[in-house]
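Using the hints provided, position chain B relative to the given structure of chain A.
As they're listed, the protein sequences go chains A and B.
Residue numbers for the first sequence follow the working numbering, so the first one is 1 and each next one is one higher.
Residue numbers for the second sequence follow the working numbering, so the first one is 1 and each next one is one higher.
A portion of the hints provided could be inaccurate.
[Stated by the list, open to error] 30 Å max Cα-Cα, derived DSSO-like pairs, lysine-lysine:
#1 A/Lys169 to B/Lys299
#2 A/Lys70 to A/Lys54
#3 B/Lys70 to B/Lys54
#4 B/Lys299 to A/Lys299
[What the hints assert, rightly or not] Only some residues are given here: those of chain A computed to face chain B with a beta carbon under 10 Å:
#5 Arg5
#6 Trp8
#7 Phe306
#8 Leu308
[Claimed, not checked] What follows is a list of derived Cβ distance ranges for each label pair:
#9 B/Ala107 to A/Pro53: 55 to 61 Å
#10 A/Gly290 to B/Ala39: 54 to 60 Å
#11 B/Trp8 to A/Asp165: 37 to 43 Å
#12 B/Arg115 to A/Asp275: 36 to 42 Å
#13 B/Arg134 to A/Ala201: 55 to 61 Å
#14 B/Ala201 to A/Ile171: 53 to 59 Å
#15 A/Asp275 to B/Arg114: 50 to 56 Å
#16 A/Ala22 to B/Glu285: 24 to 30 Å
#17 B/Ala107 to A/Asp96: 58 to 64 Å
It is worth saying that the hints were derived from the structure and are not from the lab.
Every residue, glycine too, gets a C-beta built ideally from N, C-alpha and C.
Protein chains: 2
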Amino acid sequence: MSKQRDVWLREVGTRDGLQSIATIFPTAAKLEWIRLEAAAGMPEIEVGSFVPPKLLPQMADSAEVVAGAKRTPGLRVSVLVPNLRGAENALASGADQLNYVLSVSEAHSRANVRRSVQEAMDDFRRIIEYRNARPEFRHVRVAGGLATAFGCTIAGQVPVSEVFDAARKMIELGADEIAVADTVGYANPAQCRQIFREVLAIVGDVPVTAHFHDTRGLGLANVDAALDVGIRRFDASLAGLGGCPYAPGASGNVVMEDLVFMLEAMGLSTGVDLDGLLEARGHMERHLEGESTRGAFVKAGVPKGFVLAGDDVASRGGRA
Amino acid sequence: MSKQRDVWLREVGTRDGLQSIATIFPTAAKLEWIRLEAAAGMPEIEVGSFVPPKLLPQMADSAEVVAGAKRTPGLRVSVLVPNLRGAENALASGADQLNYVLSVSEAHSRANVRRSVQEAMDDFRRIIEYRNARPEFRHVRVAGGLATAFGCTIAGQVPVSEVFDAARKMIELGADEIAVADTVGYANPAQCRQIFREVLAIVGDVPVTAHFHDTRGLGLANVDAALDVGIRRFDASLAGLGGCPYAPGASGNVVMEDLVFMLEAMGLSTGVDLDGLLEARGHMERHLEGESTRGAFVKAGVPKGFVLAGDDVASRGGRA
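For reference, chain A alone in the conformation it holds in the complex (with noise of 0.2 Å):
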C-alpha cells in the first residue's frame, strides 16, 4: 500500500475528547490507544495538553504520555500549550509540536483565559521566541490555532477581518502550521470556504488545518468544502470523542473514522487503515464509564466493491 497520503490527518481525541468527559483514562490506557491509532496509520496524534493539573486532572499525565508516545516511530508527538510555561514543560517532554490556540473573539478570550486577544498573541511570540533562542528545540514546530474563528458563544458573529489579521500575525511571528478552529460548531460551508480561501492566501507556504466540530452536524459538510478550497489537512477525534459534557451525542469533534472513510471513497489518501481505526475505537470505548461516542461508518462498514484511495480512482469516478 502506498503511503503517500493526500490529507494529513491529526487524533485530538486523546486531548480535546478526553479533557471534555469525566472517565479519567490511565496513563496505559492513553499509550495503547496511541499505539494502536498510530499502527493504524494516523501521521500524528495531539496526546495531551500542558495545563496546570489543578484545572485539568486527566492531563495531568501528559509528560509521562508524550514520553510513551515518542517511542512510536514515525509518530508526529504534538501537545496542546496554554502559555509560555506550558510551552517549556511541552519542549522539555521531548514532544515534536506544541499547538498553541488563542481565541479571535475577544469576550471568548477574556473570558476563557483572562487575557486580552493582543496578550494572547503575546504569549505566543515568547514561545517562539523561546524554541527558537534554544538550538536543541529548533526541530520542534509550533502551531498557532485560531479558535472560535466561525462564531462565539459569547459574542455572536465574529468578524473575518479579525480572523484573517490573527493569522497574518502568527505567520509574522514564525508560525509552522496555522489551525482554525469552529470550538463551538457555528460554521457552515459557506463561511468555510471564504475562510479558508482567504487564511490559504494569507498564509503562503505554511500549511493550514481545519478543527471542526459537529454540534450542528456539519462537521463533515464544512470539511467537503474546506476540501473544495484547498485545505488537505484535519483534526478529529474517534468516536467523535469530546465536546460538551452536558449535551451528551449532540457535540463533540468530527468523527475521525468516519472522516477516513469519506476521504478515501473520495480517492483522497490518508494513510489511514480503517479496520485498524475500529481496533483503537474498540480500545477506547471500553474504558469509558457512561459516556456516549458517535459514529455512522462503525455501524454501515465500507460499502459493496469500496476501493481505497489510490487504488483504482478511475472506476470510481475520479478525484474531485
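Leaving out everything else, chain B in the frame of chain A:
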C-alpha cells in the same frame, strides 16, 4: 419574511420514513404531521405510496392522506408510484405529483421489483402516456427517480454511464423532474460532483433533486457537494426518520431540520421555519413506538448571532 426560495425541499419522511419503521401511524397523525410541516413552509411533501396495501400496510391509507393533504393551501402533494396501476390510483386520488423510481442497477431492479431496468423504463413510459392522454391530469407532474445511482448493495459499483443513460431516457420520455437517489448510503462528495454535474447537463431545464441517505454520515457533505455543482432541490426527512429498521440509528434519510439549518446558515433561503419544523418533529416523535430518531440541530439550536438567509447576508460572509 420573503418566501422566495433558493432551495426547494421535499419532506419524504411520511413515505420513505414511515415505510421503514414498525409503528403504524394513524391517518390523522400523518395529516397532522403534514399540516404542521406545511405550516412551517415546507413546499412539497411525499405523503404516501400507491403500492399494494398487502406489501406496505403503513401506506394503505395513501388516497385518504392525499385527500387530506390537498386541503393545505400551497402545498405540493406528491406520492410514490411503483407502476401504472399505482399511478392510476394516485392520479384518481388527486395528487399533484407522481414520483416513479427505477433502480439503475440491473441486479437491484430484478431483486426488488422482479423487472429488468428496461421493463421498469417501459413502465415509466406507460405512466407518462397515461397521464398525457387524459386532459384532467395534464397538470400532474411525473418525476423519474434513479435509485442505486451511487452504488448497490447487490452489485456494488454502478457504472455512471448507466445513470446518465437512464436520466437521458427519462427526459426523452417527458419526465417533469429527475431525482437521483443514493438509496443505500454509498455516495461520497466527489462522486456527487461528478454525477450531478453531468445529470444537470443532460436534463436541460428539467429540475433535478438529490436524495441522500445518511448511512455512513455523509448526507450533508453530499448535499454540500451537490450544491457546489448547482443542485437546488433536496429530499430529506424530519428527524432522519427512515432507513433500515434492522440497524437503529445507523441509517435513515438526511435529517430535514439539520439540512434547513445548514442551507439557511449558508445564505440559501428555504422558505422553511426552523421552530415550526421542530414543532412538527415533536408531534411525529410522540407517535413513535420505540424507533430512534436522529438530529443535531434539535439539541444544539441556532448559534448566537445567527442570521437567516436573506436577512443579512453580507455580515455573515456571503454566499458560497
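Each hint, compared with the structure:
A distance of roughly 36 Å separates the Cα atoms of A/Lys169 and B/Lys299; the hinted pair therefore is violated under the 30 Å criterion. As the CA atoms of A/Lys70 and A/Lys54 are separated by approximately 25 Å, the hinted pair is consistent with the 30 Å bound. Only pairs whose Cα atoms come within 30 Å are accepted, and B/Lys70 paired with B/Lys54 is accepted, the gap being roughly 25 Å. Of the pairs offered as hints, the one joining B/Lys299 and A/Lys299 holds, with about 22 Å between alpha carbons and a cut-off of 30 Å not exceeded.
The criterion of a C-beta within 10 Å of any C-beta in chain B is not met by A/Arg5, whose closest approach is roughly 17 Å, and the hint is violated. Evaluation of the A/Trp8 hint against chain B yields a violated restraint, the C-beta minimum of about 18 Å exceeding 10 Å. The closest approach between the C-beta of A/Phe306 and any C-beta of chain B is roughly 8 Å, which is under the 10 Å cut-off, so the hint is satisfied. Taking 10 Å as the C-beta cut-off, the interface hint given for A/Leu308 is violated, the closest approach to chain B being about 12 Å.
Between B/Ala107 and A/Pro53 the beta carbons are some 59 Å apart, a value that agrees with the proposed interval 55 to 61 Å. Between A/Gly290 and B/Ala39 the CB atoms are about 40 Å apart, so this pair departs from the stated range of 54 to 60 Å. Restraint check, B/Trp8 to A/Asp165: a C-beta distance of roughly 39 Å satisfies the suggested window 37 to 43 Å. At roughly 38 Å, the beta-carbon separation of B/Arg115 and A/Asp275 lies within the given 36 to 42 Å, and the hint holds.
The hinted range of 55 to 61 Å is satisfied by B/Arg134 and A/Ala201, whose Cβ atoms lie roughly 59 Å apart. For the pair B/Ala201 and A/Ile171, the supplied restraint of 53 to 59 Å is violated, since their beta-carbon distance comes to about 41 Å. Look at A/Asp275 against B/Arg114: about 37 Å separates their beta carbons, and that is not inside 50 to 56 Å. Between A/Ala22 and B/Glu285, the C-beta spacing of about 28 Å keeps the proposed range 24 to 30 Å intact.
For B/Ala107 paired with A/Asp96, a C-beta distance near 50 Å fails the hint of 58 to 64 Å.
Checked against the numbered hints above, the structure breaks hints 1, 5, 6, 8, 10, 14, 15 and 17 and satisfies the rest.
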